[in-house]
Amino acid sequence: MSHVQTVLGHRVTRRVVEAALTLLGVAVLVFLMLRVIPGNQITASLGTEASAALTPSQLAALRAYYGLDQPPVVQFFGWLGNVLTGNLGISQRTGQSVLDMTLAALPVTIELAILATLIGLLIGIPLAMLSASRPNGARDAAGQLVGLAALSVPGFLLGAGLLALVSKYFRYNPSAQGFARFLEDPGLNLQQMLFPALVLGFGLAAPIMRTGRSALLEVQSQDFVRTARGKGVAALQVQIRHVLHNALVPIVTMTGIQFGYLLGGAVVVEQIFSVPGIGRQVLIGLQQKEYAVVQSTVLVIALSFVLVNLVTDLLYRLIDPRVRAS
Amino acid sequence: MDVAAPSLPAATGRTRVPAWRRLLHSHSGLIGVLLTAIIVVLAAAAVLGLTPHDPIAQAPIDRLQGPSPTYWFGTDQFGRDIFSRSIAGVANSLTVAVVAVSLSAVIGTLAGVSAGFFGGRVRAPVLAVTNVLFAFPPLLLALALASAFARTWLTIAMAIAIVYIPIFVRVTRGPVLSLRESDFVKAARVLGFPTSRILFRHVLPNILPIVIVQVTLSMSWAVLTEASLSFLGLGTPPPAPSLGSMVLDAKTLVDLAWWTMAAPGAVIVTFVVGLNLLGDGLRDALDPRHGDSA
Chain A
1 MSHVQTVLGH
11 RVTRRVVEAA
21 LTLLGVAVLV
31 FLMLRVIPGN
41 QITASLGTEA
51 SAALTPSQLA
61 ALRAYYGLDQ
71 PPVVQFFGWL
81 GNVLTGNLGI
91 SQRTGQSVLD
101 MTLAALPVTI
111 ELAILATLIG
121 LLIGIPLAML
131 SASRPNGARD
141 AAGQLVGLAA
151 LSVPGFLLGA
161 GLLALVSKYF
171 RYNPSAQGFA
181 RFLEDPGLNL
191 QQMLFPALVL
201 GFGLAAPIMR
211 TGRSALLEVQ
221 SQDFVRTARG
231 KGVAALQVQI
241 RHVLHNALVP
251 IVTMTGIQFG
261 YLLGGAVVVE
271 QIFSVPGIGR
281 QVLIGLQQKE
291 YAVVQSTVLV
301 IALSFVLVNL
311 VTDLLYRLID
321 PRVRAS
Chain B
1 MDVAAPSLPA
11 ATGRTRVPAW
21 RRLLHSHSGL
31 IGVLLTAIIV
41 VLAAAAVLGL
51 TPHDPIAQAP
61 IDRLQGPSPT
71 YWFGTDQFGR
81 DIFSRSIAGV
91 ANSLTVAVVA
101 VSLSAVIGTL
111 AGVSAGFFGG
121 RVRAPVLAVT
131 NVLFAFPPLL
141 LALALASAFA
151 RTWLTIAMAI
161 AIVYIPIFVR
171 VTRGPVLSLR
181 ESDFVKAARV
191 LGFPTSRILF
201 RHVLPNILPI
211 VIVQVTLSMS
221 WAVLTEASLS
231 FLGLGTPPPA
241 PSLGSMVLDA
251 KTLVDLAWWT
261 MAAPGAVIVT
271 FVVGLNLLGD
281 GLRDALDPRH
291 GDSA
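The listed protein sequences correspond, in order, to chains A and B. Going by our numbering, the first residue of the first sequence is number 1, and it counts up by one from there. Going by our numbering, the first residue of the second sequence is number 1, and it counts up by one from there.
Mixed in with the good hints, there may be bad ones.
[As the list claims (entries may be wrong)] Quick partial rundown of chain A residues pointing at chain B, CB under 10 Å, derived from the structure:
1) Pro-154
2) Leu-157
3) Ala-160
4) Leu-263
5) Pro-276
6) Leu-283
7) Val-306
Because the hints were derived from the structure by calculation, they are not lab data. Glycine included, each C-beta is placed from N, C-alpha and C at the ideal position.
Put together the whole structure using the sequences plus the hints.
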């Protein structure tokens, strides 16, 4: 093993250890948050009024049953142990295990995030190239204007507006019938996913466009681009092979971060379009005061988010020789 | 606040046109300043009770009226004036955003500066907390935090503040790391100045431009977050008007009365566009490295 590889290996190990420690912190924060929220498992299962009517001995028995008489540290590690062995708790409302609910919701959100990211890249990268082709010119202004709109129109407004327009003028609302899973009915599923993915993708186009534009401008000003132009390489080929290729690292990083956000941040759009994803699971949990569901789902989302960031980080170390060597 | 001091080390050698003048000379900066000023004036009018109608008074006879000289933006399903409700909603969003961003800017900057300047024992815990907060998608964290406390505008502001603290830590720590090694800070140390004087007279003024830009951009996110939380029914409690819950109510009315959604929607977009343009303009004016996009 060469020296460079050893150093790289150390750095990767360090990054993985860092991610693991962060996750432990996340677990502590989620646990603390749930302790602050008024109510506990007893009020959640019996209701506040019935809980208030309990005799002291009944209360003590229930507290012992739920482990609430244990010191918080013991409760935390008990919960963490359960989570690590796949026991995420049970929803009082549906009787389903949170693990099953999450395993059903997570693929839906991941599908939505992938579609939205594709749309975001399809809008964002051409816009960035358009803007960077004539910095400060008319094209740049047009590109930046779309970028500004993508940044400033909130997803809930775009989603609600789009839904209203399409259902009023085209009498088309694919979400009106029950949600179709991709494996059951791919055609209907994609129809139902199209609008939420468009809304999320449009919002995603803003950071991609802005990062892409400044990365492209920076690469364009370098000597090798001038050399390529001087050699007589076709303009479009210079833009794609030389400029875009070298500007990819910041774009990939930004896209990775945004993809991570989508895993939990799609809650608004999932709510508008009734997409049974993971964000909506948290929201319904909060509305129904099902804190076991909220606690475990938020933990799963943070876990996926940290993992996506870790993978993005390691990925661009692989893509970019400069990062690898530095 | 004195924003006319772009004194990052990298800025030396540049002709010192005051930053506010550079801001007003760029088209986007000027539009940003104007839009933000209009919004702030309208919000102030709402706070002082100068709305054309009472934003929560119901007038069932006048329900779902289109825009007219009496009701500029029309009325909603209870006959409440949408213009008055919109600007009262703006005032509410602005209050939440100002409190949230001020809290996170002060706490985050102090933490970031200490982590950068003192290193070692301060750095580890600050970065650990920052990493943990960064491990959540921002809206989800705000949602979870906001529902952990009783729903008032202050708890919403605090939830948003916690989400944005790590951003201020991250943008201030890096510059402080390089400032610590700069000659003028070393000179101040050699002269025996107390640490507090070095921090407040030499380090903080130099990162102020970065903080100001971040404050403006965070304001636009805070406004959007408050509106999104309200749209999800977990933000500003009714009947206090909020732009997010107005759009939520309009979802079922928009077929009959387009203005119920268009009016609050246009107001919120104007608001956020203004803040974004102002933030971009300030960044170009204060930070020489971003000077290319006029």
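Going through the hints against the structure:
Annotation: Pro-154(A) was flagged as interfacial toward chain B, and the flag holds, the nearest CB pair being 5 Å apart, inside 10 Å. Interface restraint check: Leu-157(A) against chain B, minimum CB-CB distance 5 Å, threshold 10 Å, status holds. Annotation: interface hint on Ala-160(A) holds; nearest CB of chain B at approximately 5 Å, less than 10 Å. Taking 10 Å as the C-beta cut-off, the interface hint given for Leu-263(A) holds, the closest approach to chain B being about 7 Å.
The closest approach between the C-beta of Pro-276(A) and any C-beta of chain B is roughly 16 Å, which is over the 10 Å cut-off, so the hint fails. For Leu-283(A), the interface hint holds, the least distance from its beta-carbon to any beta-carbon of chain B being 6 Å, beneath 10 Å. Given the 10 Å rule on beta carbons, the hint for Val-306(A) holds: about 5 Å separates it from the nearest Cβ of chain B.
When each numbered hint is compared with the structure, a violation occurs for hint 5 only.
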